[in-house]
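Here is how the chains run, residue by residue.
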Amino acid sequence: MIFMSKKMVMSGSEAIAEAVKLCKPKVLPMYPITPSTLVPERLSDFVFNGELEAEMIHVESEHSAASALFGAYATGVRAFTASASNGIALMHEILPIISSARFPAVMSVANRTISGPINIWNDHSDAMSERDQGWIQFYCESSQEAFDTILMAYKLAEKENVSLPVMVCIDGFALSHVYEPLQIEDQKKVDSFLPAYKPENHLDPKNPKSFGPIAFPNSFFEFHEQEQVAMEEALKEIPKIHAEFKKEFGRKYGNGLIDLIDMKDAKYALIANGTSVGTARVVVEKLRSEGKKVGLIKLKTFRPFPAEEIRKACKNLKAVGIIDRHVSLGSEGAITLDVKSALKEEKCKVEGFISGLGGRDIDTKRLIKVFETLKKGEKGFWLK
Amino acid sequence: MATEKLKFNKGAVINEPGSTKKYKTGDWRTFKPSIDNSKCIKCGKCWMNCPDAAISKDKNGFFVIDYDYCKGCLICEKECPVKCITHKVEEK
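Quick mapping for you: the protein sequence lines, in order, are chains A and B. Mapping to the numbering used here: the first sequence position 317 is 317, numbers consecutive. Mapping to the numbering used here: the second sequence position 4 is 4, numbers consecutive.
Think of the hints as simulated: they come from the structure by calculation, not from any bench. Just so you know, even glycine gets a beta-carbon here, dropped at the ideal spot from N, CA and C. Certain hints may be false.
Listing some non-contacts, in silico: residues in chain A with all C-beta distances to chain B over 10 Å [stated by the list, open to error]:
no.: 1; residue: T37
no.: 2; residue: S44
no.: 3; residue: E53
PhoX-like cross-link-like pairs, simulated, lysine-lysine; straight-line CA separation at most 20 Å [said to hold, decoys possible]:
no.: 4; chain 1: A; residue 1: K247; chain 2: A; residue 2: K189
no.: 5; chain 1: A; residue 1: K312; chain 2: A; residue 2: K267
no.: 6; chain 1: A; residue 1: K315; chain 2: A; residue 2: K347
no.: 7; chain 1: A; residue 1: K198; chain 2: B; residue 2: K10
no.: 8; chain 1: A; residue 1: K209; chain 2: B; residue 2: K22
no.: 9; chain 1: A; residue 1: K247; chain 2: A; residue 2: K159
no.: 10; chain 1: B; residue 1: K71; chain 2: B; residue 2: K24
no.: 11; chain 1: A; residue 1: K209; chain 2: B; residue 2: K10
no.: 12; chain 1: A; residue 1: K209; chain 2: B; residue 2: K21
no.: 13; chain 1: B; residue 1: K5; chain 2: B; residue 2: K22
no.: 14; chain 1: B; residue 1: K5; chain 2: B; residue 2: K24
no.: 15; chain 1: A; residue 1: K159; chain 2: A; residue 2: K24
no.: 16; chain 1: A; residue 1: K209; chain 2: B; residue 2: K7
no.: 17; chain 1: B; residue 1: K24; chain 2: B; residue 2: K92
no.: 18; chain 1: B; residue 1: K71; chain 2: B; residue 2: K32
no.: 19; chain 1: B; residue 1: K10; chain 2: A; residue 2: K159
no.: 20; chain 1: A; residue 1: K293; chain 2: A; residue 2: K376
no.: 21; chain 1: A; residue 1: K292; chain 2: A; residue 2: K318
Work the whole structure out from these sequences, hints included.
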C-alpha cells in the first residue's frame, strides 16, 4: 500500500471518498442517491480491496443510514455517511437526534434540489432545509476543497467544546461529477492532524449509560441552549483549525468561515457559496479589469453563520447581492435572510437573488446582471 | 426525579444505570385504585395483568399497589373476579 501524498485527477465525490478513507471511519452506513452515489461506490471499493478497515452497512433507506450513524457513534467509533436531495429529507427526523446527542458525525451532501417536480440537478434546498437541525455546514468550491474540508470537519466535530455533526456540501454534478487535479495527502500527515477518535461517552456493559433519553419541558430548553453555545464555540474553532490545516498542508480557504476576494476598496459585492463562487471569481476579475470596484465574499461556513465576519466585510459597501441557490418559499433565500439580519445596523443595501434552482445555470452573464442591478440601486430578483 | 437537582449532561447522556426507576410515573395517575383485602381471594390476577408491574405480593399473600409507579389504568379493577378493587379520582 502506498501511503505517500500523490496528485490525481478526481471528481468531487471521489475526493471526498479519498479523504474519508484517510480519516479511517469504522462504520459506513450508506444508501446511494444521485448525485452522491460515487461516494459510497468508492468507499465500498476501499473496503472490498482491504484499503479501509470498516463495516459498510447496506441500509434500506437514508432514514436507516442516519439511524445507523447514530448507533455507530453510540458505540464510540468514527463513522461517515453521504447523501443528497430527498435522501437528506428522509434523514430529517434523525439529524437533530444525532446533533442533540452531540455525536461528532460527518456526512457529505452532493447538493441536489428536493423534488418536486422531480429533478435530480443541483441547488442547495436539501442542505438549506436542514439548517436548523444542529449540524455545522460547509460549502466547497473545488474537489481539493472538498477533500480538505472532510479532514477539517472531523477535527472540528470532535473538539470537545463543539461536539456537533458536520455536513460537507458539494454542488451536485457541478462538483460531484467534475474532474479536477487533487492533492491526496499522506496518511501519516493526516494521522498527526487528525488523531484517533476518543469518544467522551459510548455504550459499554461495564459502565452502563443511556443515550437519547426523554427531556421534559424542565430540561429540553437547556439541552438546546447547549447546542447553540457549541455552535458559537465552533465559530471560534473553525479559524483556528483552518490555521492549523494551512500550517500542515499549505492550503487555505479564507479563514474557514468566509474568504474575501477583491474586497479591499470594493463598493459592490456578491456573497456566494459552493461552485458559483468560481464563476463569480471570473466575473469579478473581468469587472475589475474594466476598473469597476467590485468584490466577492465566499461563504464557506453557513452554520454557524459568521454574522460578525459578514458585517465587517460589508461595512464599506454600497450594496451586496446574495446568490441564493435556495428559496424559503413565502419568504426569501436562506443566506439573504441571515445577511440582512447581520447587516441590520449597516448602511450597505442587501439584495437577494434566487439562483440556479433545479440545476439552472448561474453563468457569468447572469452574475454581471446582478452587479448592474446593485449599481443601479434596483431590487434583487429571481435570476432565471 | 422532580425532587433531585437537574443536571444537564452534554448530549443528554445519563451516566448511571437504572435511572428509569427514579422517574415516578405514578404522577400521571387520574384514578387511584385500592384493594379491599377482606374480599380478596389472593388469586393474583391483578398482579399478573398490571402492565407497569406496580403490584406485588406481601408476606401474607395479599397484593399491594406501588403508587410511585401505578398510572391508574384500572386494568386490575377490571380483571378482579371478586370486585375487591375499586377506585377514586386522584386528589393532589
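These are the hints, each one checked on the structure:
Every C-beta of chain B lies more than 10 Å from that of T37 (chain A), the closest at about 32 Å, which supports listing it as non-interface. Taking the minimum C-beta to C-beta distance to chain B, about 30 Å, the non-interface status of S44 (chain A) holds against the 10 Å cut. With a cut of 10 Å on Cβ distances, E53 (chain A) stays outside the contact zone with chain B, its closest approach being about 27 Å. The suggested pairing of K247 (chain A) with K189 (chain A) holds, with an alpha-carbon distance near 11 Å, which does not exceed 20 Å.
The suggested pairing of K312 (chain A) with K267 (chain A) holds, with an alpha-carbon distance near 14 Å, which does not exceed 20 Å. Of the supplied pair hints, the one linking K315 (chain A) and K347 (chain A) holds, its CA atoms being roughly 8 Å apart against a limit of 20 Å. Proximity of K198 (chain A) to K10 (chain B) is assessed by CA-CA distance (about 16 Å); at most 20 Å being required, the pair is judged to hold. With a C-alpha separation of about 15 Å, the suggested pairing of K209 (chain A) with K22 (chain B) holds against the 20 Å cut-off.
Restraint check for K247 (chain A) and K159 (chain A): the C-alpha separation of about 19 Å stays at or below 20 Å, so the hint holds. About 9 Å separates the Cα atoms of K71 (chain B) and K24 (chain B), which keeps this hinted pair within 20 Å; it holds. For the hint linking K209 (chain A) to K10 (chain B), the alpha-carbon distance of about 13 Å falls within 20 Å, and the restraint holds. For the proposed pair K209 (chain A) and K21 (chain B), the alpha carbon gap of about 14 Å is at most 20 Å, so the pair holds.
Pair hint K5 (chain B) plus K22 (chain B) holds up; C-alpha atoms about 12 Å apart against a cutoff of 20 Å. Between K5 (chain B) and K24 (chain B) the CA atoms are separated by roughly 15 Å; this keeps the pair inside 20 Å, and the hint holds. With a C-alpha separation of about 17 Å, the suggested pair K159 (chain A) and K24 (chain A) falls inside the 20 Å cut-off, and the hint holds. At roughly 15 Å between alpha-carbon atoms, K209 (chain A) and K7 (chain B) fall within 20 Å of each other, so this suggested pair holds.
Restraint check: the Cα-Cα separation between K24 (chain B) and K92 (chain B) comes to about 15 Å, which is no more than 20 Å; the hinted pair holds. Distance restraint check for K71 (chain B) and K32 (chain B): the Cα-Cα separation of roughly 8 Å lies within the 20 Å cut-off, and the hinted pair is therefore satisfied. Between the alpha carbons of K10 (chain B) and K159 (chain A) the distance comes to roughly 13 Å, so the proposed pair stays at or under 20 Å and holds. For the hint linking K293 (chain A) to K376 (chain A), the alpha-carbon distance of about 14 Å falls within 20 Å, and the restraint holds.
Of the supplied pair hints, the one linking K292 (chain A) and K318 (chain A) holds, its CA atoms being roughly 13 Å apart against a limit of 20 Å.
The structure is consistent with each of the numbered hints, conforming to all of them.
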